[in-house]
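A.B. asks: Below, each chain spelled out in residue letters.
2 protein chains.
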Amino acid sequence: MSTSKMIENALEQYLLKKGTLYDVLWESMRYSVGAGGKRVRPMLTLEFARLCGEDYELAIPFACAVEFIHTYSLIHDDLPCMDDDDMRRGKPSNHIVFGEDTALLAGDALQSLAFEVMLSSDTLSKVSADRAAQAAFTLAKFCGADGMVGGQVIDLQYEDKNADENVISTMHLLKTGALIKAACLMGCIVAGADEAKLKACEEYAECIGLAFQLIDDVLDVTSTTDQLGKPVNSDVENNKSTLVSLFGVEECIKRAEALTDKAINALDVFEGDTTYLKDFALKLSKRRN
Amino acid sequence: MSTSKMIENALEQYLLKKGTLYDVLWESMRYSVGAGGKRVRPMLTLEFARLCGEDYELAIPFACAVEFIHTYSLIHDDLPCMDDDDMRRGKPSNHIVFGEDTALLAGDALQSLAFEVMLSSDTLSKVSADRAAQAAFTLAKFCGADGMVGGQVIDLQYEDKNADENVISTMHLLKTGALIKAACLMGCIVAGADEAKLKACEEYAECIGLAFQLIDDVLDVTSTTDQLGKPVNSDVENNKSTLVSLFGVEECIKRAEALTDKAINALDVFEGDTTYLKDFALKLSKRRN
Chain A
1 MSTSKMIENA LEQYLLKKGT LYDVLWESMR YSVGAGGKRV RPMLTLEFAR LCGEDYELAI
61 PFACAVEFIH TYSLIHDDLP CMDDDDMRRG KPSNHIVFGE DTALLAGDAL QSLAFEVMLS
121 SDTLSKVSAD RAAQAAFTLA KFCGADGMVG GQVIDLQYED KNADENVIST MHLLKTGALI
181 KAACLMGCIV AGADEAKLKA CEEYAECIGL AFQLIDDVLD VTSTTDQLGK PVNSDVENNK
241 STLVSLFGVE ECIKRAEALT DKAINALDVF EGDTTYLKDF ALKLSKRRN
Chain B
1 MSTSKMIENA LEQYLLKKGT LYDVLWESMR YSVGAGGKRV RPMLTLEFAR LCGEDYELAI
61 PFACAVEFIH TYSLIHDDLP CMDDDDMRRG KPSNHIVFGE DTALLAGDAL QSLAFEVMLS
121 SDTLSKVSAD RAAQAAFTLA KFCGADGMVG GQVIDLQYED KNADENVIST MHLLKTGALI
181 KAACLMGCIV AGADEAKLKA CEEYAECIGL AFQLIDDVLD VTSTTDQLGK PVNSDVENNK
241 STLVSLFGVE ECIKRAEALT DKAINALDVF EGDTTYLKDF ALKLSKRRN
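Chains as they are written, first to last, in the numbering used here: chain A, 1 to 289; chain B, 1 to 289.
Same shape as in the complex, but just chain A (with noise of 0.2 Å):
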């Protein structure tokens, strides 16, 4: 089986759910995980995972969870307080879909789920649970208010203010790049990396996490809203400060291949097969949507 139909079908299995009386919450949840999103966070998990040893099975739980947690963050993202958007991935958001009330549960209830799946008694009989619980941990504390919640809070302070490089920078770092980076971290834990792989990885996630968000940021200027799956110009059309409004696209692709090229080298660190990561580095940094 392909990784990615691995991610799939565990991500399928979590939130099989039905009959109950609130069985229209499992679904909100199924109909946002289900979305098509591009499972770049799982794949991590499970690359990193694999690059220090250990099966990719061992590491599912934890992929699916990052996957959770992102998903509940769209959910929240979407709702009328905050981005306002109505579209996600080409469908309706969850909340134009379930209402408000739902989708800002169903986003609650991925959260919990996340750390479920990292700790239930399934899990455990295959990783130890000083693992889990320290890859538990290193998800919840990336996640959280020093960490992508964080993120999106600075996001909303600088909404119509202008922001100077080191807050747009702290912000990306903490509102995307963290929970990558808890994604890739989550992987060597699992497989009981050393400190030395541990920083090499966590290396590896901010540049491509940065890289990631530089991109982002050029596409919703230089991009059409049916090759996005999502409205372009946002940025601009709500008066947003952006790596891109502050130093022009050029120069952000040329920020991101060179953050490319250090998180490839960061993982010069690690015996095994890079070239899974090498390649996603680069195609993060060249995708068009």
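Bear in mind the hints are in silico, worked out from the structure with no lab data behind them. No incorrect hints appear here.
Identical chains share a label here; the pair holds if one copy fits it or two copies do between them.
In silico DSSO-like cross-links for lysine-lysine, where the CA-CA straight-line distance does not exceed 27 Å:
(1) 199 to 17
(2) 17 to 161
(3) 5 to 278
(4) 38 to 254
(5) 17 to 91
(6) 286 to 240
Since the structure of chain A is provided, determine the placement of chain B on it from the hints.
C.D. replies: Quick look at chain B alone, frame taken from chain A:
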């Protein structure tokens, strides 16, 4: 130091962050956690840990975690897309003070923080990873889609429909009961309690959870806004089926008392001093705010 002082101190310590670009987030989290709840759930965690032979101190992170989850649920519950309550515990709701976007994110971050504190290296230096993971799993399970959040969705589903006793009971068991159960169970788990004790603990928790909710519904029709610190008659005004609307005030009080007796009897299996938990059950069913 009194137990409740210990809890307040620990909650405060975990929320001590400042000087960042997103300090308003921590401020918003502190606002709601500090808004003077009764700390029912953390007290239960500590007391069950003590009853099963452990120091209060070991259970502190788990006690705080359940309070963080409870607080996040209140913040989200008060949002305009949910109950749209401007007041909570006699003070303006989080979103009234900080705005809907920050309130939403503060709730999200409190959920992450709950898992972070239970699985931190500091916690794992005192509690084995096995127990910490099992306790955190328990909280994740009972606060998620098949627990608290599921209960909230049932509540939404039956907002303007007549609900029968089964629906209302299931809703309560999940919406309020699940988190109380998690609070009690985590105390036992951290202390390494055996199956018989876990089972008794679950029975106690289920009974006081249901009794708690019965009294809540009763107070909604018999209390004043001043006494309760939140709007009264909200269920009647929203045309909601409650156990009170089905059975009347008197029968509900009778049921709450019977459940309280059952809860107290469940404690027989424990060897230690159960005075506190007995009084606690009695106080809950006799409370008037």
